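Please model the entire structure based on the sequences and the hints provided.
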Amino acid sequence: MIVPLAHVLVLAVILFCLGLICTLVWRSNVIMMLIGIEIMLNAAMLVFVGGACHWGTADGQVFALMIMAMTSAEVSLALALVVYLHRRRNTVDTDEFRELQDQ
Amino acid sequence: MKLYLELIILLPLLGGISNALLGGRLFSRRSSEFVACAVIWGSCAAALTAAYSYRSPEVVEIATWLSDFDFKAPLTLYLDPLSLSLCLMITFVCGLIHLYAVGYMRDDHCYVRFFALLNLFVAAMLTLVLAENLPLLYLGWEGVGFCSYALIGFWYSDPKNATAGRKAFIVTRIGDIGLGIAIVWMFELFGTESITRLNQMGNLLPVGIVTALGLLMLLAAMGKSAQVPLMVWLPDAMAGPTPVSAQIHAATMVTAGVYLLMRMFPLIGSSTTVSAAIAITGALTAFYGATCAVAQRDLKRILAFSTISQIGYMMLGVGSGAITAATFHLLVHAFFKALLFLGAGCVITTLHHEQDIFRMGGLRHKLPGTYWPFLAGALCLAGLPLTGGFFSKDGILSAVWRTGGMLYGGLYLVGLMTAFITAVYTMRMLLVVFGGPSTPLSHQAVDGADLTENKDKRMVSGVGPLPRIMEWPLIPLALLGLGGGLLNLPEYLGGGLLHSFLAPLTGHEPTLPHATELLLQGSAAIVALAGTATAWLRYGGQRRSLRLSEAQQPARGLQAFLREGWRVDQLYDLLFVRPYVRLATLLWQRVDEGCIDDNLDRTSTQLGRFGNMLGGLGQGRVSLSLTGMAIAAALMIAWLAWMTA
Amino acid sequence: MNTSLLLTSLVFLPLAGGFLLLFMGGRAQTAKITALAIALLEAALACSTWFCQGAIPSAGAPAGFFLYEDFPWIEQLGIRYILGMDGISLLLVILATVVTVIAMLVSWRSITEKITLHYLLLLAMESGIIGVFLSLDLFLFYLFWELMLIPMFFLIGIWGHGRNIYSAVKFFLYTLVGSLLMLLAIIALYLIHGAQSGMYSFSLAALLGTHFSPATGLWLYAAFLLAFAVKFPIVPLHTWLPDAHTDAPTAGSVILAGLLLKTGAYGLIRFGYPLFPEAARTLTPLLIGLAVTGIIYASWIAFAQKDMKRLVAYSSVGHMGFVALGIAVWTPVALSGALLQMLNHGLTTTALFALVGMLDERAHTRQIEDYGGLWGKIPLFSVFFVLFAMASAGLPGLNNFVGEFLVLTGSFKAAHLATILAFIGVILPLVYTVRLIQELIFQKERRTLPLSDLTLREMSVLAFLALCDIYIGMHPAPLLDILKQPVALLTGGVP
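Residue numbers (the numbering used here), protein chains in the order written: chain A, 1 to 103; chain B, 104 to 748; chain C, 749 to 1243.
Just so you know, these hints were derived from the structure itself, not from any lab.
Bear in mind that the values here come from a model prediction, so they are computed numbers and not experimental data.
Do not take every clue at face value.
[Claimed, not checked] Output of the computed footprint for chain B on chain A, the stretches with three or more beta carbons under 8 Å from beta carbons of chain B: (1) 21–31; (2) 83–97.
[To be verified] Interface residues of chain B toward chain C, partial, derived using beta-carbon atoms under 10 Å: (3) V163; (4) A227; (5) A265; (6) I286; (7) P488; (8) A636.
[As the list claims (entries may be wrong)] With a Cα cut of at most 30 Å, we get these calculated BS3-like pairs of lysine-lysine: (9) K1192/C to K175/B; (10) K1192/C to K263/B; (11) K1125/C to K175/B; (12) K263/B to K1161/C.
Think of the CB as a built atom: it goes at the ideal place given N, C-alpha and C, for glycine as much as any other residue.
If you want it as structure tokens, here you go:
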């Protein structure tokens, strides 16, 4: 192992925070939020891969593959929703969607 | 004996209750009146029988009343010379007053309420007198207070009357604080409420506590017996019908305070401080009452202030340790004061409820049947020699003299001075009311318009001659007042009946040498005569009309000050009544609603606002939910990190 | 006589009767009469327990309880269904049934809408109150404690006048805050006791011997005290009461004053003091101070009131101050005085609220300044009014005097200064009472109001209460005898 685990973890944390900030701040666009979520998932995947390398087991890599599969499914579904929402409201700003509010 | 004692109290009580329940519906007016009078005379007969079969002090337990763990206050009656003599006096005098009331109230349609309350009044007073334990005495004590309240305000539609009743009730009740505290304190100290047993235990206690107890009881007596500084209710109590005034002033109510002190004297008398306090209160009150009486122009108010003054004498007697003399004066005073009040009632009724003495006159000829008994009563009150009032007052003064010392010497002088003033105002009243030519009321100038308000519409104008039943009771009272001296003759005339009767109670009261006694009586006689002469010089013969024209002017200076009772009423109003009322509103609006409640309301409003704020978070905004989730996750991770570190 | 389920039927008869009423929704008159019949039956049942005093209780009953029922209920949590009746409960249960009957009678005509619901709620409340007076399991107690709260809320909210919603919510929140803290304390008590003895139970008898560190005891007691003090009410937690009384319908006021206030005092006597004796002793000075403050403060404020009902409400606070004083000093005489005073207050204040309600029903105003000269117009009413006002002012010979006097006698030993102050507090009720009498009964009529004298129904209610007042005032011995044994057991005195 050339790269120490600590470095991988730091990189993952930075990636995760970037994703989180993207999700929280860029709320006027659902698509940007989805991208943020993807980045966070990638950060998690990075930790899995790093861990697998560190302990020399394949479990982490299997999980990374699982996550990839799940992400692609999720993104396709989410994008479909976004298209649907956009068609309904003509906007992708999340704050416009408040159907859950108790009124 | 048990039966007699029960009957003494039960008869008036039953009379009152049956009149209250059945009067006006089942009873005709006659039978109501008959029942009211009959029960009192029945009670009087029972008292006489009890006196006849009386051998030695007796305790009779009738029923249980309050009994809880070690606290016991049964309905127990106690008959001893003191209570017996008071019972006889009360039933007899009240019997006469009831008869008189039948005449007095003949045009009033509220007679049922009147007679029921009058009977209850007597029952309460008799309970007070016969009670063997303090809670029972308190029952009578408060019962008397309530009945007086209802009777003083009997003509309730005039706010003035109702206020007078209210004042009497509240002021006397202020004194009752003292009695109440004394009762519970004595129970704590002795574990009993029985008067007979308490009286045996006085010497078991340190003087300080006895003094405190005595002062508490003095406070109670001040309220009930209208002593300085709680005397303000009595002059106003004139608002009631005259028989009520007579009953309050002569036989019941006001003597209760004196009676309490006499009853408990074996206990509290061992403290010289208490005795001195009682004596000083008495002397001060006697002086106060007499000075106020001099300046009054309302016939009933003169008598009211004279009552305050005379009760002051009794207190002075108690304070000097002369229970016999005080009892003696109490009895004789009851006779002649009842007489004077009833006589005044006759005068007032004849004059269509005119009470201003300066608008009366010449009644000597018009009302001879009232005049002669009234004269007898006035002589007694003034303390002219050989009347009952003379002997009883002298008994007290010589007891004060006998006690000796600087303090009592001074009190003796005050007493003597008061006797002088008493003679002056009594004779002034007599001369102004009955002397002079008869004046038709209608031609009088309208001065002192407030006094004419008492003209009551209930009394039909043009009252003819007085009903006989109103003048008739005056005669026995006059005889008793004049001859009252025979009850307790001075030592040099062979000793007193009452003295020997009360001896088992009071122990051996020391007596003065005959020469000193005679000297004291001589000086008292001279003082009374001097007072009479002064009054004659001012109001006798032709000078009367001069005073009458003077009286047209409004009172000024000292006269106004005295007429308004030293302005004590205004003082109390300023010091107590107004602050009380103001503070009540203040406490309510500022403290209760403005502070406690308002703060709570505000707290709840704030809580509500906070809730709304929290509710704002759940408005379904995706971004907010996400932020919340992120923060929560961060916190959880931080916590986990902190826990593992 | 088989008394095995007497207490259960006593508790649930009104509730069952209430369900019966549900089936006659439309026929208001029938519902009214049925409700009254049930209440009367309940009263008869309650009075019949008077004769069970000599009964031998079932095994396991604590000393002093002559009727006792104990069944397992939720065994996993150690919750049992325990009802028990001793002298204290007996008197209070009888009071509860009587006051309920009176509440029904005084609102006979004045309730015109949702009549069935009104009577149903009254019956439900009766069940709750009787349950409170009888339950000996803290969980069960809490259940009934909350049960009686809800009907009252609706009574004020639906049939009240003025700011009735505000008052109802205020009442509800006040009591709920107190009782939730009590629930916490109950659970804490349950856990502490369970940890100590290994036996988890809510039963009062089991919990009595629990030991605490002083601080824990104090906190738990404070939570109980708060719940009870709100109901009492002890100054400064009283401000819900004037509002609730003023805006409640007559029946609501009657039950509120006659019964609900008593549950606070009862809880303190039955649970507060026995469970936490040390803590109670620590807080005694506080309670005495608040009680005396309440006596003087409330009576003083009552003087300034312009609304009759508010005046009576404040007087109620003052009178309950005596009860608080009697409980606080916890001596045998004072405690039995306090219990008797609860009863007396229940009778007298009930009567006063009923009287005020009768005036309100006729003239539709509760402002004192609108009335005057009632003695000339409605003498019968006035006689009763003066009688009950005097009873409330503590005139000897009438019932309130007995209670107050015993409280003061008993408390003098323990608290000199407080008792002396309380004596001053004795005359303040007289001041506002005679003012009220003068303004209402005496003087001249100030406004022509459509007043008519008492009907037979009203008169029989008042006459009954008056007889009770005079009887207790003149011969309290039977009642004091009933109270003697339980009070002695509670205070450790010798009966």
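Mind listing which of the numbered hints don't hold for this structure, in increasing order? The structure conflicts with hints 3, 7, 8, 9, 11, 12, although it agrees with all the remaining ones.
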